[in-house]
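Asks: Sequence:
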Amino acid sequence: MSNRLSLLISNRRPRTLTFSILRFNARVIPYASCHLLAAVITPTFAALPSYIKPCKKSDPNIDQCITNTIEGLRGKLKEGIPELDVPAIEPLTLEQIRLLRGPQGARLDINLTDIQVSGPSSFKVRELKANTENVTFAFKVSFDKLSFHGKYQMDARILLLRLTGNGDLTGNFSGYDSDVILRAQKIIKDNDTYLKFDKMEIGIKVGKANIYLSNLFGGDPILGPASNQLLNANSNLFLDEVRPVLEDALANLFTDVANKVTRSFTYRELFPDD
6 MSNRLSLLIS NRRPRTLTFS ILRFNARVIP YASCHLLAAV ITPTFAALPS YIKPCKKSDP
66 NIDQCITNTI EGLRGKLKEG IPELDVPAIE PLTLEQIRLL RGPQGARLDI NLTDIQVSGP
126 SSFKVRELKA NTENVTFAFK VSFDKLSFHG KYQMDARILL LRLTGNGDLT GNFSGYDSDV
186 ILRAQKIIKD NDTYLKFDKM EIGIKVGKAN IYLSNLFGGD PILGPASNQL LNANSNLFLD
246 EVRPVLEDAL ANLFTDVANK VTRSFTYREL FPDD
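Count along the sequence shown from 1, then add 5; that gives the number in the working numbering.
Keep in mind the hints are simulated off the structure, nothing from the lab.
Think of the CB as a built atom: it goes at the ideal place given N, C-alpha and C, for glycine as much as any other residue.
Nothing false has been slipped in among the hints.
Ranges of calculated distance between the beta carbons of each label pair, as one might list FRET restraints:
(1) Lys134 to His154: 34 to 40 Å
(2) Arg131 to Asn215: 22 to 28 Å
(3) Asp119 to Arg188: 30 to 36 Å
(4) Lys129 to Arg188: 19 to 25 Å
Please work from the sequences and hints to get the whole structure.
Replies: Laid out in structure tokens, this is it:
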């Protein structure tokens, strides 16, 4: 049994420096050009914004403090946080997923393209356990629902029935849960300590997948609905193939967000001693 997957994710932007011109005072005419020049060429890191709460390392409830901070950020991630160079996390784009599995007599061969996933910003973090010295966080993440749409091409055999077609794909995952580990390295920069996160480790559990493929059998009004019903009855085959692709996509997405949020603030600002 063979298993080949390919994934291209197009949700990244090039890293840029954020500059501040808050020090420019337009009323001081003789020095205006000097102030502007200094503001343009000097990258600055402001105090923590209101939606990022520092969590003291001595706080006995630091796990809840970090959870609350993540929840405060969550509401802003759907549209992005321009001041931190964090792009909108919806939709999550999967340019291509190739699912190829099984021998000729029981084959699953589906090519999915331009998959747009909605719902990543609905994530909920729970049971977080933090080690701020080693900068390791273990927690669970659930989603209300992940919905998707895109294009498909399929040539498959399920229970001796051959399914062929190409067209639009829509569907959703529900009962979604995952175990996550996030680790960071302490990086010294300009005599201050910053955090750089390693790629998130994430293991997904999906309770159910609902899938609809348009234009099966050329849009046949009888075979099309019957085939979709059969496909959903065997959705575990689809989930087995999509799971590692989705895990990789979400891990890349949220690791990128974590690094863009923390790179502008020192470790001590995020986790003060007292």
